[in-house]
Amino acid sequence: MTGGTSQRPQVFRNARLLDPANGVDETGSVLVDEAGKIAAIGRDVVVDPIQQDIAAVDCQGQLLIPGLVDMRVYSREPGDEHMETLKSLSRSAIAGGVTSLACMPNTDPVIDDVSLLQFIQRRAQSVGLVNIHAYAAATKGLHGRELTEYGLLAENGAVGFTDGNRTLANPLVLRRALSYASLFKRPIIQHPEEPTLAHDGVMNEGEVATRLGLAGIPAKAEVMIIERDLHLVEITNGRYHVANISTAEGIAAIRRAKANGLAVTCDTAPHYFALNDGAVTDYRTFAKVSPPLRAEADRLAVIDGLSDGTIDAIASDHAPHSQDSKRLPFAQAETGVVGLETLLPLTLELVHRGDVSLATAIAALTAGPAKILGLSAGRLKVGDDADLTLVNLNHAGRIDVANFRSKSKNSPFNGRPIEGRVLRTVRAGVLVYDRLADARLAEA
Amino acid sequence: MEPDATSPSASESNFGHRHLLGTEGLSRSDVSQILDLSDQYVEQNRQVDKKAGVLRGRTLINLFFENSTRTRTSFELAGKRLGGDVINMSVSTSSIKKGETLIDTAMTLNAMHPDVLVVRHGDSGAVQLLAEKVNCAVINAGDGSHEHPTQALLDALTIRRRKGHLEGLNVAICGDVTHSRVARSNIYLLNTMGARVRVVAPPTLLPTYVERLGVEVHHDLRDGLTDCDIVMMLRLQTERMQGSFVPSMREYFYFHGLDYDKLAAAKPDALIMHPGPMNRGVEIDSEVADDIDRSAIHEQVEMGVAVRMACLDLLVRNQTAPWGLNR
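Protein sequence lines correspond, in order, to chains Y and U. Mapping of the first sequence onto my numbering: residues 26 to 469, in sequence order. Mapping of the second sequence onto my numbering: residues -10 to 316, in sequence order.
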């Protein structure tokens, strides 16, 4: 299944091609060659399948987009394979239309060394369903003190440096990280939460936290880190990326920095525009995430940030957890939700409601993250691997965690009505996911 | 199910709750029903023979994940005076340390078919989580900084017996509101009953948006006590003071401790209450605490047993089906 060296050429015909990277939105075809590369794109592609021995796929006017790029997932392998393995992660990804993803270094052991990075790559190769990229830890052991070997790690494929869901809190360390990583053109990904201010907080500070008697984390804990870091970006010229941006003020700070020409980017996750802190009423630990779900005004600001392009990417922030780590009193429960299989439908909610254009939404799932990580993905380009996702934009259904391919089911979205679903996922020309076959399998 | 003949209440029970997890969500008639029944148990508890039979054949488990002497003893007495079998379990020292989760513990106890679980836990929401997993009635005896409903009910009973009513009274809740489950339960209940509630504390001890719970906010104790009918002092929970919420105990007492000088701002007949245990010389001056004319602190303890008897009675009456048919 790993995209053999030679396969029959294929043509995906009669598709609504949407490629925000190239400003394409037209009905046409994609021709894929024997090597699984894109050979031609557009309305002008004319082939005779029978004459030329090409496999033809009639897309029946459905949406054909570049395979989605998810820039933040927690793989749990190595260390917590009972929650997720790279294999189950990959299956979850293709069911969600994702063909490229980047794994966080927060595993056991932490990915802070070339040999560990190579381990991930070897495992990814042997699973072979999706393009698995990896971040390396920004500091050894995620302890926030000593930098890892950025140069060697970058040469071995690290797409960026991050301490995952731990904030790079020490300004001196962050300054050096930004400065040194710029040599290798890799971004530093920051988890925006001032840890000493957040202290023992477990949810957003506000009325809900007060009623529930839970310690709150103020929105300012995010804003302070972002604003502080922007000063460091100015003096280092480093590439700085904010993960999981969730506050109105944090987004405003990024908007200003971009207007001033700083090399900064940011992403958010679907739960920050699909839910607010009311979702943890009744101590729902499945809605416990980090940073915490915010107030309604912040949720609306996230949507505005996506709509005007301040937010460059939407990442699933896929964080599998076993029941044991979630079925606990709220303060003790782990943070995070499984997100690969709900990434696209939750994003499409914004489109169906008219909050964000389809092209902008798809860009945040494809070209946006690919550009941040410097990947040849998230676009339809002749000569690139044919990573494609076929989507029925209007299919109405409900999220059902029982159908998730992920080993973990910790989603706050179970039962939520959705519109739009993935029909097929193609990676390097190979059909790796087919909803119809999946449905037949489920019935059997 | 027929009300037990030995129950002091002859009225039909219409208490529609399976558990007592908080005062948020209790209606005015729920509260009145509990308080009316409690009044009858107060009388019964003052008799030589204090025993009733409404819990005969029933099992009550006191499941305490946090240390407690007063509340646990109060529930134990309440259960025994109603004729139930009472078992005390302190879990903080045993199975939790072995890695058993709260839900494991709940399921294990559930399999032993208790009728009522009285639960105290250090985490907000833990009692609700446990209640979702068991078949019996659950009473929250305090969960983290969330709720402690029987404390608020016994406070209401104390006030109602002294003042004759709750509606329209000015009640000042003073001290560490942020970490106080007693404060939250009292705010919900007193608002439901039509009292006017104020909180008085330095801003570091008040949670954000506390005013949205329907209270007036004061930072100066004299201001906050002006024209008050009821002064409720909260314990400054030193064990929870991990950050520096207040710089020192003596500074706290100087500004926020209740003494006769500050109490002069309240109405002359203002009642002083405290959920106990008191930190004398921290939140309350010893003299004030011991003033038998003003302080209702010992009466609160007495009311506690009666209120807990009433709550047990109402919840058990509600259990209509025997074990096995209920599942």
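These are calculated hints, taken from the structure and not from any lab test. Among these hints, one or two may not hold up.
[What the hints assert, rightly or not] Below, a list of computed lysine to any residue pairs in the SDA-like style, where the Cα atoms sit at most 25 Å apart: (1) Lys245/Y x Asn285/Y; (2) Lys122/U x Leu448/Y; (3) Lys351/Y x His420/Y; (4) Lys245/Y x Ile92/U; (5) Lys245/Y x Pro236/U; (6) Lys434/Y x Met96/U; (7) Lys122/U x Ser347/Y; (8) Lys432/Y x Gly408/Y; (9) Lys245/Y x Arg201/U; (10) Lys351/Y x Phe234/U; (11) Lys122/U x Gly303/Y; (12) Lys351/Y x Thr90/U; (13) Lys122/U x Gln357/Y; (14) Lys122/U x Lys245/Y; (15) Lys245/Y x Asp93/U; (16) Lys245/Y x Thr193/U; (17) Lys245/Y x Thr90/U; (18) Lys245/Y x Leu202/U; (19) Lys351/Y x Thr97/U; (20) Lys245/Y x Thr97/U; (21) Lys432/Y x Thr90/U; (22) Lys351/Y x Glu121/U; (23) Lys122/U x Ser350/Y; (24) Lys122/U x Ala46/Y; (25) Lys245/Y x His208/U; (26) Lys245/Y x Met96/U; (27) Lys245/Y x Val80/U; (28) Lys351/Y x Val235/U; (29) Lys351/Y x Met96/U; (30) Lys434/Y x Tyr198/U.
Quantities reported herein were computed from a predicted structural model and do not represent experimental measurements.
Hints, verified against the model:
At roughly 22 Å between alpha-carbon atoms, Lys245/Y and Asn285/Y fall within 25 Å of each other, so this suggested pair holds. Between Lys122/U and Leu448/Y the alpha-carbon distance is near 39 Å, which puts this suggested pair outside the 25 Å criterion. Annotation: proposed proximity of Lys351/Y to His420/Y is violated, straight-line Cα distance about 31 Å (limit 25 Å). Between Lys245/Y and Ile92/U the alpha-carbon distance is near 35 Å, which puts this suggested pair outside the 25 Å criterion.
A hinted pair counts as satisfied when its Cα atoms are at most 25 Å apart, and Lys245/Y with Pro236/U qualifies at roughly 24 Å. For the suggested pair Lys434/Y and Met96/U, the alpha carbons sit about 22 Å apart, so the restraint of at most 25 Å is met. As the CA atoms of Lys122/U and Ser347/Y are separated by approximately 18 Å, the hinted pair is consistent with the 25 Å bound. Taking the CA atoms of Lys432/Y and Gly408/Y, the gap is near 35 Å; set against the 25 Å cutoff, the hint is violated.
As the CA atoms of Lys245/Y and Arg201/U are separated by approximately 21 Å, the hinted pair is consistent with the 25 Å bound. Note on Lys351/Y and Phe234/U: the hinted pairing is violated, with a Cα-Cα distance of about 30 Å set against a maximum of 25 Å. Restraint check: the Cα-Cα separation between Lys122/U and Gly303/Y comes to about 23 Å, which is no more than 25 Å; the hinted pair holds. With a C-alpha separation of about 11 Å, the suggested pair Lys351/Y and Thr90/U falls inside the 25 Å cut-off, and the hint holds.
At roughly 18 Å between alpha-carbon atoms, Lys122/U and Gln357/Y fall within 25 Å of each other, so this suggested pair holds. Between the alpha carbons of Lys122/U and Lys245/Y the distance comes to roughly 37 Å, so the proposed pair goes past 25 Å and is violated. About 38 Å separates the Cα atoms of Lys245/Y and Asp93/U, which puts this hinted pair outside 25 Å; it is violated. For the suggested pair Lys245/Y and Thr193/U, the alpha carbons sit about 17 Å apart, so the restraint of at most 25 Å is met.
Straight-line distance between C-alpha atoms of Lys245/Y and Thr90/U comes to about 34 Å, which puts the hinted pair past the 25 Å bound. Between Lys245/Y and Leu202/U, the direct Cα distance comes to roughly 23 Å. Compliance with the 25 Å bound is thereby established for this hinted pair. A hinted pair counts as satisfied when its Cα atoms are at most 25 Å apart, and Lys351/Y with Thr97/U qualifies at roughly 19 Å. Straight-line distance between C-alpha atoms of Lys245/Y and Thr97/U comes to about 43 Å, which puts the hinted pair past the 25 Å bound.
Between the alpha carbons of Lys432/Y and Thr90/U the distance comes to roughly 21 Å, so the proposed pair stays at or under 25 Å and holds. Restraint check for Lys351/Y and Glu121/U: satisfied, since their Cα atoms lie roughly 15 Å apart, inside the 25 Å limit. For the hint linking Lys122/U to Ser350/Y, the alpha-carbon distance of about 17 Å falls within 25 Å, and the restraint holds. For the proposed pair Lys122/U and Ala46/Y, the alpha carbon gap of about 51 Å is over 25 Å, so the pair is violated.
Simply put, Lys245/Y and His208/U have alpha-carbon atoms about 24 Å apart, close enough for the 25 Å limit, and the pair holds. For the given pair, Lys245/Y sits about 41 Å from Met96/U by alpha-carbon distance, which is inconsistent with the 25 Å threshold. Between Lys245/Y and Val80/U the CA atoms are separated by roughly 38 Å; this puts the pair beyond 25 Å, and the hint is violated. Restraint check for Lys351/Y and Val235/U: not satisfied, since their Cα atoms lie roughly 34 Å apart, outside the 25 Å limit.
For the hint pairing Lys351/Y with Met96/U, the CA-to-CA distance comes to about 17 Å; that is within 25 Å, so the pair holds. Taking the CA atoms of Lys434/Y and Tyr198/U, the gap is about 34 Å. The hint is violated against a cut of 25 Å.
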